[in-house]
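Construct all of the structure, not just a fragment, from the sequences and the given hints.
So the mapping is simple: the working numbering equals the position in the sequence shown, first residue as 1, plus 729.
Keep in mind the hints are simulated off the structure, nothing from the lab.
Just so it is clear, the structure is predicted and the values come from calculations on it, not from any experiment.
For glycine and all other residues, C-beta sits at the position ideal for the given N, C-alpha and C.
There may be inaccurate statements among the hints.
Cβ-Cβ distance ranges computed for the label pairs, FRET-style [to be verified]:
no., residue 1, residue 2, range
1, F825, M928, 19 to 25 Å
2, Y759, A804, 51 to 57 Å
3, G852, F812, 45 to 51 Å
4, G927, L776, 16 to 22 Å
5, L963, S760, 30 to 36 Å
6, P824, L1000, 46 to 52 Å
7, L963, G758, 30 to 36 Å
8, L966, S930, 27 to 33 Å
9, R995, L846, 25 to 31 Å
10, Y847, H811, 40 to 46 Å
Quick list of in silico lysine to any residue cross-link-like pairs, SDA-like style, CA-CA up to 25 Å [stated by the list, open to error]:
no., residue 1, residue 2
11, K816, Y886
12, K767, G992
13, K816, L963
14, K767, E1002
15, K790, F877
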Amino acid sequence: MAGIKQMNGSVANGSAALAGLKPVTVTSGYSQFITILKSTIPYLAFLFLYGINQQVHILPKFDDLDCIHLYNMSAIEFRIWHFLPHKLVSSLHTPFLDVMAAIPYLMHYVIPILYPLYLYCRGQVEFISKFYWLLGWCMWFMFIIWFFFPTAPPWTYDNLELFQRMNYTTMPPYNVQHKEGCAFHRLDEMTGIHFFFGMFSGNPVPFASFPSGHVSWPACIYATLPPGGRLFSLYVLWVAWATLYSCHHYLLDAVMAVIIVTGVRRLLVWLAERPSRNRDSTCGFQGVVCPLNMV
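Here you go:
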């Protein structure tokens, strides 16, 4: 009888343990999903407003050239470096390097999906919300800079110099010039397909060179990587090189992107870790800012 009671007790305890595991697992997974969902709100809101800029007309468009002041990053960089880094980088070009510059540009559109999938497959779901939260607020910070400090990409001024050397009395309208930059222009000519021209011609925000969104996205990945992923800095450098090589960004664009990501990350961490006024909790923004509670 004692053995039967002991066995029944073990079964009962085991059933209770299993019954207790299921709600915890479901609740934990649900909480992670809600946290990730909340963390994507700033990023998705940015993408939506960026995509409809032609309709809402918040940031300058092609048609605004006559009524806005474009800041000349070429002149600013020349004052600092006494040369233009993007011209030095792009002066040494080969078809192989053209392709190597195109790869990170094409990856730009999928890394906000591929990186979270990578984290999910590795069982490091807690880093997904950190990435989206940081990425979203970095892009809003850049949005403000683009609003007050509109800048054209390097290829614009390179085209102007070319037309001046050819003794053109007037420069062709901005909206009919090639927008794929020097490297991607060569790729379009080599393949006979105007892929990059079509891609960049549809850009709803043409005057947002400074700072570089292409550099900021992988920089956000680097800033929220799990331990052991610091070699990803090489990819950030690859993207930065590609932006200069393709004549799409200045060196200052890339540098400022890294500075913004670093600064916004520190700000969000400070907000997440500051003591609450009314509670002993170290997080005053439960489920919202807390995804960036990093050390």
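Tested hints:
no.: 1; hint: F825 - M928: 19 to 25 Å; verdict: 21 Å, holds
no.: 2; hint: Y759 - A804: 51 to 57 Å; verdict: 54 Å, holds
no.: 3; hint: G852 - F812: 45 to 51 Å; verdict: 48 Å, holds
no.: 4; hint: G927 - L776: 16 to 22 Å; verdict: 20 Å, holds
no.: 5; hint: L963 - S760: 30 to 36 Å; verdict: 34 Å, holds
no.: 6; hint: P824 - L1000: 46 to 52 Å; verdict: 48 Å, holds
no.: 7; hint: L963 - G758: 30 to 36 Å; verdict: 34 Å, holds
no.: 8; hint: L966 - S930: 27 to 33 Å; verdict: 28 Å, holds
no.: 9; hint: R995 - L846: 25 to 31 Å; verdict: 27 Å, holds
no.: 10; hint: Y847 - H811: 40 to 46 Å; verdict: 42 Å, holds
no.: 11; hint: K816 - Y886; verdict: 11 Å, holds
no.: 12; hint: K767 - G992; verdict: 22 Å, holds
no.: 13; hint: K816 - L963; verdict: 22 Å, holds
no.: 14; hint: K767 - E1002; verdict: 18 Å, holds
no.: 15; hint: K790 - F877; verdict: 14 Å, holds
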